[in-house]
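Chains as they are written, first to last, in the working numbering: chain A, 1 to 314; chain B, 1 to 356.
Don't read these hints as lab results, they were simulated from the structure.
Worth double-checking, as some hints may not be accurate.
What the hints assert, rightly or not - Quick list of the computed label-pair ranges, beta carbon to beta carbon:
1) A/121 - B/346: 48 to 56 Å
2) B/210 - A/85: 33 to 41 Å
3) A/312 - B/141: 36 to 44 Å
4) B/12 - A/312: 21 to 29 Å
5) B/41 - A/131: 31 to 39 Å
6) A/7 - B/317: 51 to 59 Å
Stated by the list, open to error - Only pairs whose alpha carbons sit at most 27 Å apart, straight line, appear in this in silico DSS-like list of lysine-lysine:
7) A/311 - A/178
8) B/83 - B/268
9) A/298 - A/249
10) A/178 - A/249
11) A/307 - B/169
12) B/242 - A/298
13) B/242 - B/169
14) A/307 - A/178
15) A/298 - B/83
16) A/178 - A/298
17) A/307 - A/249
18) B/242 - A/307
19) B/83 - A/311
20) B/194 - B/242
On a predicted model such as this, the values are computed, not experimentally measured, just so you know.
C-beta: ideal position from N, C-alpha, C; glycine also.
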Amino acid sequence: MIDLLQIFLSDSFWAASLRIATPLIFGVLGALMCERSGVLNLGIEGIFVVGAMMGWLVAYLTGSLWLGVIAAALSGGLFGLFHAILTVPLGLSQHVSGLGITMFATALMSFAYRTIFPQVATPPRIEPFRALDIPVLSDLPFLGPVLFQQTALTWLALAMVALVWWLMDRTALGVAIKAVGDNPDAVNAQGLSVMRLRMGAVVAGSALMALGGAFLTMSAFDAFFFGMVNGRGWICIALVIFASWQPGKALLGALLFGMFDALQVRLQTMAGAVVPGQVFLMVPYVLSIIALIIAARKADYPRALLKPWFKGQR
Amino acid sequence: MIEIVPREQPSRRLTAGVPLLAAIGSLLLAAIPLAFAGAPIIEAYGQMFTGVFGSLFSFTEMLTRATPLIFTGLAAAVAFRAKLWNIGGEGQLYLGAMAAVWVGSGMIEGPPILMVPLVLLAGAIAGGLGMLGPAVLKTRFGADEVVTSLLLNFIILIFVQMMLEGPLKDPMSLGWPQSEPIIDEAVLPQLIAKMRVHAGFLLAIGTAVVAHVIMAMTVWGLRIRAVGENAAAARHAGMPVKRIFLAVAFASGALAGIAGVSEVAGLKGYLTTDLSPGFGYTGIVVAMLAGLSPLGVVAAALFIASVFVGTDSMSRTMGVSSFLADLTVSMSLICVLLGGFFARFQIRRVRTEGAA
Numbered sequence: 001m002i003d004l005l006q007i008f009l010s011d012s013f014w015a016a017s018l019r020i021a022t023p024l025i026f027g028v029l030g031a032l033m034c035e036r037s038g039v040l041n042l043g044i045e046g047i048f049v050v051g052a053m054m055g056w057l058v059a060y061l062t063g064s065l066w067l068g069v070i071a072a073a074l075s076g077g078l079f080g081l082f083h084a085i086l087t088v089p090l091g092l093s094q095h096v097s098g099l100g101i102t103m104f105a106t107a108l109m110s111f112a113y114r115t116i117f118p119q120v121a122t123p124p125r126i127e128p129f130r131a132l133d134i135p136v137l138s139d140l141p142f143l144g145p146v147l148f149q150q151t152a153l154t155w156l157a158l159a160m161v162a163l164v165w166w167l168m169d170r171t172a173l174g175v176a177i178k179a180v181g182d183n184p185d186a187v188n189a190q191g192l193s194v195m196r197l198r199m200g201a202v203v204a205g206s207a208l209m210a211l212g213g214a215f216l217t218m219s220a221f222d223a224f225f226f227g228m229v230n231g232r233g234w235i236c237i238a239l240v241i242f243a244s245w246q247p248g249k250a251l252l253g254a255l256l257f258g259m260f261d262a263l264q265v266r267l268q269t270m271a272g273a274v275v276p277g278q279v280f281l282m283v284p285y286v287l288s289i290i291a292l293i294i295a296a297r298k299a300d301y302p303r304a305l306l307k308p309w310f311k312g313q314r
Numbered sequence: 001m002i003e004i005v006p007r008e009q010p011s012r013r014l015t016a017g018v019p020l021l022a023a024i025g026s027l028l029l030a031a032i033p034l035a036f037a038g039a040p041i042i043e044a045y046g047q048m049f050t051g052v053f054g055s056l057f058s059f060t061e062m063l064t065r066a067t068p069l070i071f072t073g074l075a076a077a078v079a080f081r082a083k084l085w086n087i088g089g090e091g092q093l094y095l096g097a098m099a100a101v102w103v104g105s106g107m108i109e110g111p112p113i114l115m116v117p118l119v120l121l122a123g124a125i126a127g128g129l130g131m132l133g134p135a136v137l138k139t140r141f142g143a144d145e146v147v148t149s150l151l152l153n154f155i156i157l158i159f160v161q162m163m164l165e166g167p168l169k170d171p172m173s174l175g176w177p178q179s180e181p182i183i184d185e186a187v188l189p190q191l192i193a194k195m196r197v198h199a200g201f202l203l204a205i206g207t208a209v210v211a212h213v214i215m216a217m218t219v220w221g222l223r224i225r226a227v228g229e230n231a232a233a234a235r236h237a238g239m240p241v242k243r244i245f246l247a248v249a250f251a252s253g254a255l256a257g258i259a260g261v262s263e264v265a266g267l268k269g270y271l272t273t274d275l276s277p278g279f280g281y282t283g284i285v286v287a288m289l290a291g292l293s294p295l296g297v298v299a300a301a302l303f304i305a306s307v308f309v310g311t312d313s314m315s316r317t318m319g320v321s322s323f324l325a326d327l328t329v330s331m332s333l334i335c336v337l338l339g340g341f342f343a344r345f346q347i348r349r350v351r352t353e354g355a356a
């Protein structure tokens with residue numbers, strides 16, 4: 001018990017929670033934007049890979065981290081556009097298209113990596129984002145290490161929570177995106193384009209997802225590895241239901257998740273002798289399933305989710 | 001302006017031709033990454049072809065590769081017919097393989113006539129339970145089976161690792177995490193001397209035929225399709241929709257589980273964590289290419305196995321990354337999806353008269 005208390009009182013635990021939550025914040029926000037407009041985007045796992053690879057690659061080639069971030073968002077948006085074309089104007093199965101995008105994106109990035117860097121023993125590394133060093137703030141006790149010694153991408157993620165909240169709750173565009181995911185006929189009757197709203201939301205959401213991937217190669221690590229996304233995208237799909245499609249709760253869900261994950265790493269070092277390490281490795285996935293079960297019963301899905309819409313029909 | 005108009009009847013010719021067109025289309029599209037990799041394209045295609053059809057050995061290698069894909073393809077096809085999104089084939093495959101080595105590595109000893117069915121049964125039950133879980137979570141709590149079955153893949157693979165470092169570990173393996181070998185009586189025999197293709201292939205073909213008969217000619221097949229096409233109507237017609245849904249989930253998981261048994265008992269002889277290079281996920285592509293038809297699954301699995309074996313061979317001689325195979329397979333999925341669109345819809349050009 002004392003040990004557990006010590007964990008919760010340590011600043012490194014809270015700093016780690018926020019760090020682990022960062023890619024998930026991007027991912028859940030991205031999934032939220034897509035689904036609010038009525039489009040499930042199972043391409044998320046592959047788009048994470050795209051963001052991880054493209055962000056890292058451009059940073060490696062140009063030496064500029066921020067160019068890498070922009071490249072990650074743009075290429076993620078491009079794959080989102082692909083998914084959007086297949087599912088919105090063409091109205092094809094969102095499940096199959098999303099899985100197809102994930103397989104295609106993952107294979108393409110792996111192929112590109114192997115073609116550009118044939119047979120390298122150690123993966124090429126970049127100089128990743130460094131912890132912020134803000135005068136006074138970073139030196140504060142507790143708050144300094146937890147909040148002000150994170151990398152710039154963590155702050156970008158937090159800013160995105162505010163931005164997506166503002167967009168969805170405070171602007172006419174956000175109201176239109178939410179309406180198009182609930183009742184596209186009504187939106188069409190008002191003279192707005194269902195197609196453009198949905199495609200726009202999917203492209204923007206996918207760009208956000210890719211930033212989650214970029215965090216992995218440009219902040220959490222400094223290189224690209226196969227399999228490094230490791231289900232984080234799927235976890236976001238579970239968390240967005242847990243967050244009932246609201247940006248504030250998305251942040252909360254990602255943070256809770258980050259806390260549990262940070263906790264299991266620490267418990268692992270404490271209880272490692274008794275319990276096999278793999279039990280702890282399962283925790284994130286088990287947690288996601290539990291979160292889904294808790295949320296599913298009262299989940300208020302966007303009513304037009306998964307339903308294609310064609311002009312002039314019905 | 002372009003207008004998308006649904007056809008009154010989906011074009012039969014197009015529907016039948018889509019898988020073939022998608023397969024050819026994805027092979028042609030592979031020329032783009034080949035060009036980027038700087039390989040001589042015609043020669044590369046030639047290498048891929050001889051890599052499969054060049055010798056009896058390479059051809060049987062392709063059949064060996066197709067074997068698990070037929071099972072996982074059937075698993076996906078049966079589930080998708082009932083609109084049950086089983087994306088957990090990879091995990092169920094490992095559950096089946098784990099059950100096979102648990103039962104088949106000396107726990108019980110008996111003649112082959114007993115051992116082989118026993119190992120298959122164990123794998124089928126393990127895989128079936130692996131999908132029954134997500135299906136129950138769906139019917140009880142409404143938890144989306146896409147996400148739960150996907151996440152279970154990760155949990156199961158970690159569980160396999162844990163078992164291979166613990167209770168299932170072969171004490172003779174010198175620290176390498178692998179299971180004890182399957183006893184000889186439980187091994188699926190080779191079909192041709194010195195070739196790796198094994199009885200699992202015949203079992204896969206047989207299973208596909210049985211699945212075809214069930215889907216096309218029995219009440220159960222009718223029920224599964226009815227639930228998939230319109231669950232509300234099926235319920236209205238008095239069908240036990242929930243029970244059908246759970247039964248399909250078990251059957252689908254069992255098929256994926258048998259894929260794992262077949263790999264362990266027919267090919268590898270023991271279980272490691274790299275038993276499957278994603279056969280569960282590729283099974284989804286197989287099922288879609290097959291238009292969810294069980295017999296089509298056999299053809300689609302042979303095609304995709306050819307892509308993998310051919311690309312591997314080409315990749316070895318020409319130095320192109322073997323990820324090209326995954327790329328081609330993923331493109332075939334997108335092609336078949338697009339093809340389905342053109343079978344169901346017409347694209348007409350409409351004249352814009354004044355109004356924008």
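Do the hints match the structure? See the list:
no., hint, verdict
1, A/121 - B/346: 48 to 56 Å, "holds (55 Å)"
2, B/210 - A/85: 33 to 41 Å, "holds (39 Å)"
3, A/312 - B/141: 36 to 44 Å, "holds (38 Å)"
4, B/12 - A/312: 21 to 29 Å, "holds (26 Å)"
5, B/41 - A/131: 31 to 39 Å, "violated (48 Å)"
6, A/7 - B/317: 51 to 59 Å, "holds (55 Å)"
7, A/311 - A/178, "holds (18 Å)"
8, B/83 - B/268, "violated (34 Å)"
9, A/298 - A/249, "holds (15 Å)"
10, A/178 - A/249, "holds (16 Å)"
11, A/307 - B/169, "violated (48 Å)"
12, B/242 - A/298, "holds (20 Å)"
13, B/242 - B/169, "violated (39 Å)"
14, A/307 - A/178, "holds (14 Å)"
15, A/298 - B/83, "holds (22 Å)"
16, A/178 - A/298, "holds (19 Å)"
17, A/307 - A/249, "holds (25 Å)"
18, B/242 - A/307, "holds (23 Å)"
19, B/83 - A/311, "holds (26 Å)"
20, B/194 - B/242, "violated (48 Å)"
Hint compliance for this structure: hints 5, 8, 11, 13, 20 are not met, and every other hint is.
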